[in-house]
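Novice: Next come the chains, spelled out residue by residue.
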Amino acid sequence: MSAAEELRGEVPRAEEPPPEELHEVRVVVNGAARTARVPARRLLSDCIRHDLRLTGTHVGCEHGVCGACTILLDGAPVRSCLLLAVSADGADITTVEGLAAPDGTLSPVQQAFSECHGLQCGFCTPGFLTTITAGLRAVADPDDEQAREMIGGNLCRCTGYQNILASVHRAAEITRERAASSSPAATKRAAAPAGHA
Amino acid sequence: MKPRPLGYSRPESVAEALAALAAPGVEAKVLAGGQSLVPLMSLRLAAPDVVVDINRLTELSYVRVADGQVRVGALARHAEVLASPAAAAAQPLLPKALRFVAHPAIRNRGTTVGSIVHADPAGEMPAVLALLGGTVCVASAAGTRSIPAGEFFLGPLESAMEPDELATEVQFPVLPGPAAGTGFAEISRRRGDYAVCGVAAMAWLRADGRIGGAKAAYLSMAPSPAVIDLTEAVAGGMPDALSFPAAASLARSRLQPEPDIHATARYRRQLAGVLTERALVDALAEARETIDA
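Line by line, the protein sequences are chains C and E. Note that the numbering used here has the first sequence beginning at 1, numbered continuously upward. Note that the numbering used here has the second sequence beginning at 1001, numbered continuously upward.
Excised from the complex, chain C in its bound form:
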């Protein structure tokens, strides 16, 4: 093979590999039924980003160390880079896009990150938000040790973690505040002045 032939593009191509068998994956993502056709080797993280076009889930290390790709699978935080998409068939998935209310109101954890500067570059944030959302469902009012345990599997290279810890505590507080203000007693109190007017 001469250099000239190579330049003319006459290099014999490696034989095309046979097309991969595709498998249908049906999942409910952030409340919506979605379907994708993927090869068996497609990681769930790639399926979410490329096939379902939800790029809020970030891919960091791709071998389960960094936690950036954490999603909620049937409510429990898992690393989406450590699952094959085919294996998630039938699952209920929540990604970071599913945390805010439909009207755009930030979830308590998102609100807390905003208030406490729990992020800088934001790359690791989707993983922290999903992890802490599930963490606070299990432990509603974590102490410092429990908060550290909650986020122990997620890496952040900007914040030094202190503001993220503060965000965990603030998120617990916001959750309680919102629950109190939406309870029947609180609604009655809020409605009372209007009644007088």
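Calculated directly from the structure, the hints in this document are not laboratory data.
With a straight-line Cα cutoff of 20 Å, these simulated SDA-like cross-link-like pairs (lysine to any residue) come out:
(1) E:1002 with C:22
(2) E:1002 with C:58
(3) E:1002 with E:1044
(4) E:1002 with C:60
Got chain C sorted already, so can you dock chain E onto it with the hints?
Specialist: The following block gives chain E in isolation, referenced to the frame of chain C:
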């Protein structure tokens, strides 16, 4: 960082799974939690022709206590074993060790049986199984067999299982009678990382309240879990002692760890001694509680 093209089989029954594993000329790997297998495939350190996904075999998703054993099915996630009050009551070492297995997000998906079959010398659960003298129950198209822990771990990531076999259940013996207790201690660079050194220990008391004996299993210290009988170093001693220098020295003398980027062999041996003492203190406190209770 992506797996090689891969065949996929998702059996709906154990029999179907065994048939898929028995297919001739095909390298098949069982996929349960996948928390070790998927990264190995992504890093192309593993490249099976087919994965046999057993996540639909919900009949293997159990943790129960029967016949003196905590029986953990192949699909029980670490988090489920950790959260089982029955398992914790029957064998308190299980939750003590499971808290050190990676992170909650990994424990939500990874299975206890899978981590044992993976046979990582840095794994907590292989050491627990080795210490307790548990059993791995495996099945293949040809039949079933039980492999004692002592014969199961052959080396790093190498077990006595054949390629066509599926581990269906692991059995951890319950804590023997009153006056016995367990402890677990581990040092890692960061929370949830692989252990630089870890120790699972069991100790028991004599009728006169003094120490009857103890044994310990070590992770990250040998090609497979290393079990050391510490009885000669502790027997007859006071169970409320806060240090066990003879046991620490015995452990250090028996272990020949390899150095790596995380720790020198000398540091690992030092840790083995210190952690042996911590795990013994923990185990003897538990043993005394079982008598008081």
